[in-house]
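Respectively, the protein sequence lines represent chains A and B.
The first sequence: position 36 = 46 (the working numbering), numbered continuously.
The second sequence: position 293 = 303 (the working numbering), numbered continuously.
Please keep in mind that the hints were generated in silico from the structure rather than gathered at the bench.
Please read these numbers as outputs of a predicted model, since none were measured by experiment.
Hints are supplied without guarantee of correctness; some may be wrong.
Copies of the same chain are indistinguishable here, so a pair counts whether it falls within one copy or spans any two.
What the hints assert, rightly or not - Calculated cross-link-like contacts (lysine to any residue; reagent style SDA-like; alpha-carbon spacing at most 20 Å): (1) LYS63 with ALA208; (2) LYS524 with TRP113; (3) LYS352 with GLU429; (4) LYS352 with GLU427; (5) LYS641 with TRP61; (6) LYS102 with TRP113; (7) LYS214 with CYS186; (8) LYS493 with PRO212; (9) LYS24 with ARG452.
Number of protein chains: 2
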Amino acid sequence: MSVYLHDIPLPQAKARLEAALIAAGKAGVLEIEEIPLDEHALGRVLAKPIWAKLSSPHYHASAMDGYAVRSDSTSSATPANPLELLINSGAKYVDTGDPLPEWADAVIPIENIEPETYGNQPADPRNPAAIRIRAAVTPWSHVRTMGEDIVATQLVLPAGQVLRPVDLGAIAASGCDSLSVSRKPRVAILPTGSELVAIGLPVKAGDIIEYNSIALAAQVEGWGGEARRYPITADNFDTICQRVQEAARENDLILLNAGSSAGSEDFSSQVVSELGELLVHGVAVRPGHPVILGMIGKEQRNIPIIGVPGYPVSAILTGEIFVEPILARWLGREPHTPVTLKARLTRKVTSPAGDDDYMRLAVGRVGEQVLAAPLSRGAGVITSLVRADGITVIPRGTQGLPAGSEVNVELYRNPSEIENTILAIGSHDICIDILAQYLASRNRRLTSANVGSMGGLVALSRGECHLSGSHLLDPESGEYNLKYIQQILPELPVKLIAFVGRQQGLMVAKGNPKGITSLKDLTRQEVFYINRQSGAGTRVLLDYHLKLLNIPPDTVRGYTHEEFTHLAVAAAICSGRADCGLGIAAAAQALDLDFIPLYQERYDLVIPVRFYRDKLLAPLLEILTEAEFRKTVANLPGYNVEIMGQEII
Amino acid sequence: MSVYLHDIPLPQAKARLEAALIAAGKAGVLEIEEIPLDEHALGRVLAKPIWAKLSSPHYHASAMDGYAVRSDSTSSATPANPLELLINSGAKYVDTGDPLPEWADAVIPIENIEPETYGNQPADPRNPAAIRIRAAVTPWSHVRTMGEDIVATQLVLPAGQVLRPVDLGAIAASGCDSLSVSRKPRVAILPTGSELVAIGLPVKAGDIIEYNSIALAAQVEGWGGEARRYPITADNFDTICQRVQEAARENDLILLNAGSSAGSEDFSSQVVSELGELLVHGVAVRPGHPVILGMIGKEQRNIPIIGVPGYPVSAILTGEIFVEPILARWLGREPHTPVTLKARLTRKVTSPAGDDDYMRLAVGRVGEQVLAAPLSRGAGVITSLVRADGITVIPRGTQGLPAGSEVNVELYRNPSEIENTILAIGSHDICIDILAQYLASRNRRLTSANVGSMGGLVALSRGECHLSGSHLLDPESGEYNLKYIQQILPELPVKLIAFVGRQQGLMVAKGNPKGITSLKDLTRQEVFYINRQSGAGTRVLLDYHLKLLNIPPDTVRGYTHEEFTHLAVAAAICSGRADCGLGIAAAAQALDLDFIPLYQERYDLVIPVRFYRDKLLAPLLEILTEAEFRKTVANLPGYNVEIMGQEII
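With the sequences and hints as input, model every part of the structure.
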């Protein structure tokens, strides 16, 4: 068992797999199947081109309701000298789509004729004895000639076409009622790991909820394959071998999830070696480097197997990097190519020089610039992928990129969604989440990065966001935010809009076991505090009150341990990492902590005037005036909405 | 029964429908249903936001394989003064994902420790008696602290989210195992019309293959609804009423296809009036203006019904314009917004001033310019939609746009497909279709517009395409294309590549009923000729030989009747519109015509040097050298491939 993996570069890994697939005769469409032409053919991939069996129209068809005529019989008609044509000899009524009589070569629309009757009945334009016309018609006017749309034998659709609704129509129009498509590849997904617990079951420390198989299966289905999820298999070499063999009999591809690293219970590479050939163990990509590629099968090694790393971001990226192209190949379609967009990095990033580094990004347009803010790099942080608007690859051989670099973003969203994204950088408040929920139904996405109030104002000064949540107390005036705006944004015209009034206090474990009642308790030796990061409004508040109480920060245990949100502070207390932290009542209630109210503060939105007037932000400002949103916020513990929407400046 | 419709503007039509939906309580999500969390939730729309029930990780987890330690116990370790920690008192082995012991607050990765044994056994890094370290560790290093990814109670996903694979993972990670989604709207699709014939059945003149229901059903499924296709109903008012009532009991929306105009057998508007309220009959959009909007239902008029026009392009656009937004509303998601692209019109277009005109476009990048070539405007030409790369709306009040206008194209394809599109404008040959088929599997799309050889050279001179198919005979030298290139493209460096040698001759009806043997027969009174358009190579050939034979064009009946492709000429003969036409053997064979061979000619590809060297065209030039393609072409009647790929200049 090796402790270290020797990662090989991605193109080399892909080339080894490609060579193995070619050797196994698995480099192209797996099988062709004939299916009936109906709406279920949507999304299937044509395995053979469609050549027209029939022309469309397959006869000369009237393009209008009107009268079929011989064009050369109409040449004398003028406005002054109208011509009369008798029904059924010189003219015949036709509905749109009716075939032309053999003798006719043109149609006069019903609105261009004058009906005639002989006798006293009123003339019915659809049933006259004759028609009068006042203009000649050219041959084939208002006629859809045979083959106007499709000529029999022509190419209607090439093989490889992913069928759209309109394609199904065209296939039918060309006289076909069945089609040859590639069979859907069957993909087995095998979650392994003694620590895994199926969703819906209770969990204890050390248990990991098994959901990679759901995400991988959904990927496979979305890419046109048929996914089959197998039950969780414990970390046992023989059981895993058995399960893989079973799966290999019924599937075209096996995804063996986790156990792909080099830990004491990582059996995947051994399993692949035992059942076939291990092609690759370790690829120079981040996240996701402990990927395994192999080919298994008793006589013929013709079933590819991918050892998918266990961290969710790694697992999903492994799907995108390795699984999607194989499925595309087997389906006979082009691999997925993302829509791309150029954007400017909001901050410097470092990157391992040896790896292709897949960096998730939040992307938004702020004024004239499209900005990309790097999200958490952790392979375990699935929310970084949920939030990601796109991804960029920092290639091998690069150690990072400076702030302001232009990167090529492969988008996960439609570019129009990027245009509808409001970027909020600043202090975190649970009401910002609720605002995001309200905006989602109004064609706006609110993406927020939590860097504290001061960080938000700095981001505004750099033109990196549309607004900042801020609750920075000025110790001298007792006012909020104004002084900091003057200092940090002297040149930028902004609006300061009151958002909520909220209570700050000490969060403590349920039952307050250490009997904490005020900030003075923070100096007790057995009390461990968990702090907010420097620049956070809550940190300013703490420092202000510590000073008032003459408590030196270095007498507070845990003062240097920082978290970035109220909820993260609450989680630290909940887990026993700390005994107390300053924060808001809602966060304490959310994690069932006790709360000792201390101060009432104002939380504002700082919005540059140019964005305040922009239609992007209009729905947000509207929501602040609405009773439903105000009620939702007012119902949270420790919040009041009296000031909501007030323009401070 | 009215003969004319009074179209109302699109926004007004949509507003009437919106008001009716609001009045019927059908303006939002229809119903919410609880579904289990698995891969089948892919693509469903969240009806309620997901708030985390559990943090992720839900305990402090080791982020590496290594040793859990107390960080403050390591402070004295330096490279020179290593520190020893005893297993199970000062350090404990943990795999990635294992929970930290209560007393630990950091992990040292296994590669950073030195294992120690007491005695003579070799030290196993995973099972030593003690570990030696040479650096202090900071608190919480290599630990995924509880809530690092998700903190319980936080917003994981907003309502309205269309679920992606990664979202399913995040929902599971946050401790949920089921979710509330909007019920799929049920949509009835009712094809009506006595002229309709189900696919797969034989057709005679006047029969129309019923396929709109397939395309509409596929649209509905693709947009997240559940489509139900009903059998074809004949044009009978009572039967249609009955069928609509039946459908209204089981569905949320009814699409009544065709019969929406004002013809003698168009019952749709009467049916809607009979069963409920007719809101709109006729909308000012092209194609698709005879749309009907209504609300039906016995007591409560709460089932919307849309009378969908019969022409396939109209039907599909009606789906996009009216059906998709209703489904989006009922599903609680944003309506689809297409990716857009600016492009320059290749030619002038006219447009009815009273209508919003949906114009289909072929789009490609030629050099620095993105060009949009208008496709057929006919509502019956479904291939115009199949070929369309996008659509642009010429708004009401505009009578057209000049060539070179910049238009906003709503793309039907990924922009990267546009970048991989080879635009060919020029003469048509069936081998160009086959080339397109071969290119489809090499990440290239070949889009061809058939305007004749001369038209192709003119398009090249304007920078509107990447290549032209051309077979222009110079009557003086007997050479092909060279003289015309000198005349039309004096400044443009081009390559002239021989493509195929092909036989031209007269196509005549099977059995040659009029006994035609040479061009001299064209002067016979009972022989009707069908011509190619001026500028076509075949037209040049005809005119050249007519002149040689001293036959004045005005003695040829049908000389002025022009078609744009060989196949269209063949179709004209096949349908009896004409007796003969000059063209190629393959076209005659395709439609089972007789063929009188007359001349052998060369068909070349004219390619500007800058594109000849571009990677866009590389696969095309490669295919010309490949045995498989050559064989396919050589097997067509009247073709030889000896010269294929030769550089003439």
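What are the numbers of the hints the structure violates, in ascending order?
8
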